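Protein sequences, first through last, are from chains V and S.
Sequence positions in the first sequence follow this note's numbering and run 989 to 1391.
Sequence positions in the second sequence follow this note's numbering and run 4 to 287.
Incorrect hints may have been included.
A few chain V positions that, by computed beta-carbon distances, are all more than 12 angstroms from chain S [what the hints assert, rightly or not]:
#1 Gly999
#2 His1008
#3 Trp1023
#4 Ala1044
#5 Pro1065
#6 Asp1099
#7 Gly1155
#8 Asp1195
#9 Pro1239
#10 Arg1268
#11 Thr1279
#12 Leu1302
#13 Asn1310
#14 Arg1321
#15 Glu1336
#16 Gly1383
Cβ pair distances, simulated, as ranges [unchecked claim]:
#17 S:Ala243 to V:Lys990: 54 to 64 angstroms
#18 V:His1069 to S:Gly59: 12 to 22 angstroms
#19 V:Lys990 to S:Pro46: 35 to 45 angstroms
#20 V:Ala1102 to S:Pro46: 50 to 60 angstroms
#21 S:Arg38 to V:Asp1252: 49 to 59 angstroms
Because the hints were derived from the structure by calculation, they are not lab data.
All values reported here derive from a predicted model rather than from experimental measurement.
The beta carbon of each residue, even a glycine, is placed where N, CA and C say it ideally should be.
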Amino acid sequence: MKLGLLVPRYGEEVVGGTEHWLRLLLEHLCADRGWAAEVFTTTAVSAETWADDYPATTTTVKGVTVHRFASRSGRNPEYLHQLPRLRADPAGFSPGEAMEYVRLVGPVCPDAVAAAEGSNCDLVAVTPYLYWPTVVGVPALGRRVLFHGAAHDEPELQLPVMERVFGAVGGFAFNTYSERALVEKTFRVGHLPSAIVGNAVDEGAGDPMAARAALGLGRDEPFVLCLGKVERAKGSVGLASLWRMYRARRPDAPRLVFIGPVHDQGIASAADAGVILAGRQPDAVKWGALTACSLLIAPSGQESFSLVVLEAWLSGRPVLVNGRCQPTVEHCRRSGGGLWFEDYGDFEVAVDRLLADPELGAALAARGHAYTRSEFAWPALLDRYEALAGRVLAGRVLAGTGR
Amino acid sequence: MSASEAAGPQDPVGAGRPSADLDELIGDIRREAARRRAAPDFPLDDEARLSSVMDGEGPVGQGADLAALAAALRQMSGPADPSGRVAGLAAAAVAAVAARLSHLEQRRPIAGRPGPAPAGDLPDLTGWLDEWGIGSRGRVLIAGEGAGAWADRVGDAAYAIDPTGEQYADAGVTRTGPVLEHLRSVADRALSFVILVGGLAEADVQHLDRWATELARTTAAVRVAAEAPWAWRRRIGEVAADRAARRPLHPDTWLETLARAGFSVTGRYGADGRHYGVEADGRS
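The shape of chain V in the complex, shown without the other chains (with noise of 0.2 angstroms):
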């Protein structure tokens, strides 16, 4: 099987999302399953922007040939001002204008469209859902797609443009059963092959004591842990919100530290002295954090798969999710191993049992380390992943779909 990729930025430096899964996938796929792949990309690194921070180039890497393409443009802050409006009614823009918010948010790079087009792949993932080279990539290549939409139910889905995107793939790689029951809800496409892949989750290593130290905590504080960008999107600032009111009525309540990048300043007029803005930190910081915390919080209402939630699990500790976000509810569902809250009541009861009775918080941690080790293991994942584009395949070819 040869595999292209088509995903606005590829490499080692590009950390966290759909777009580093789907590097180490091919990684695996290429290593482990003798399989071939090619990617398509762009020259950018941060999806802030779409800079071109690497060159236009054909390179190797970790096995994987990459052929990287300068944008035409790239984030245009213009689409800001239309996110309003998108909010508020994202049915009611017009197939032009959808595409012209698409063209917006970018990355615009037709060349690496061009090229996973005119490759010889016998399938081509494309990931994620809601940017240029996906939009207009997709129905391009057709039946071809092993699509990773990443998909959350925010209102870039409804876009009058997504629903000949969703339509015209091969077939899907769902992150959750939740991702695809939203996608069937939205878009007709039920019969199309697809499976629930997941991510695969590896486990880190990082010494406790240093991660205290890093964090400026005491040798035997307790802690509460959040991971992953700091921002509104992400349920940062509900959170610290939400820890300020715990602390108002819990005074020896342990402090919350959020490691990760700071995107959104609004944290700090939510946060107070029980809150540690971590900032980025090494993986090693993370890792000593996961096993040295108390329990792990996540926030956000839009996950498509969540990571940390399974790395929490894995580390051994429990985890507590916002009862908005259903794939994270999903997996503490599925793995009876976490709790989630809905409002302040029971979030403070939700915490409250989390630190008073460790015995349970183990016992939650170890359903979730054992539904993470057998669901999302790299063996269990590439065989789901492999039989998966056999069928999309085998749908090619019955369809009489040459491209």
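Here the structure of chain V is known, so what remains is to put chain S in place on it, guided by the hints.
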């Protein structure tokens, strides 16, 4: 896999604790939260404000109407409720209902009494597939047969849906979930065949119009393979059969339903006399 299955026999969450099941634990937390909300020192207004913040950062679809109602209630206060406490409680109640509905949406509908003719009771009728000419003419949906034998026999073109399977328990080409709900997610004329195997417990008489509409919209042809009604009546008794909440339909019911949907239909019985098939082609 259910929470209790995931836990396993050594699970310390379940060992001697009142919260053996995750739903029980969550329910326990909700009840305790409700008790705390009723206390005079609970910051209801602050909770309502923070919930609005979290709602604003959340997804746009699920429970949006109820979330909006909860938000509106949180804004309410007046002469009869100067502190806004009643409005706050009402908002919290609506939010709890919204959350509960959201959870229910995620859960598989629980079947009532099981249908009397599960697919597993059918003898091997997959030979009918050859007679029906189902092969490489396009995408084929096998509905109601969880073991996958029919889909295996058809090959790469087929996928299956098992309406009786556990939630989150897809296996190979077989997915789990309600068949009618799945058909609603299928594009117009995207299927070459829909094969309804066994009694298809979901195919309740009351919903036949919906079945007819979705089948006519999505597929070029329908095939039904089921146990003949007198066979299962004999097995479970006339009274039980009459009272069965879900049952394999009489072949004449399928013939009439599919004909009304515009299909050209014929029916026939298997050589053993205990089973019947219905063939519905194209739209007249």
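54 to 64 angstroms as the expected CB spacing between Lys990 of chain V and Ala243 of chain S, which holds or is violated: holds, 58 angstroms
Minimum Cβ distance from Pro1239 of chain V to chain S greater than 12 angstroms, as the annotation requires: holds, 14 angstroms
Pairwise beta carbon distance, Arg38 of chain S to Asp1252 of chain V, judged against the given window 49 to 59 angstroms: Since Arg38 of chain S and Asp1252 of chain V have Cβ atoms about 35 angstroms apart, the given range 49 to 59 angstroms is violated.
Gly59 of chain S and His1069 of chain V - C-beta distance against the hinted 12 to 22 angstroms: holds, 19 angstroms
Given as non-interface: Glu1336 of chain V, which should sit over 12 angstroms from chain S by C-beta: The assertion about Glu1336 of chain V is violated, with a minimum of 7 angstroms to chain S.
Distance rule for Gly999 of chain V, whose beta carbon must clear each one in chain S by more than 12 angstroms: At about 30 angstroms from chain S, Gly999 of chain V clears the 12 angstroms cut-off, so the statement holds.
Distal placement of Gly1383 of chain V relative to chain S, Cβ over 12 angstroms: Its Cβ does come within 12 angstroms of chain S, the nearest being 7 angstroms, so this is violated.
Cβ separation of Ala1102 of chain V and Pro46 of chain S, checked against the hinted range 50 to 60 angstroms: holds, 58 angstroms
Distal placement of Ala1044 of chain V relative to chain S, Cβ over 12 angstroms: holds, 37 angstroms
Non-interface label on Gly1155 of chain V, tested against every C-beta of chain S at 12 angstroms: Given a closest Cβ separation of 7 angstroms, the condition is violated.
Non-interface label on His1008 of chain V, tested against every C-beta of chain S at 12 angstroms: holds, 23 angstroms
Closest CB of chain S to the CB of Leu1302 of chain V still more than 12 angstroms away: holds, 16 angstroms
Violated hints, in rising order: 7, 13, 14, 15, 16, 19, 21; the structure is consistent with all others.
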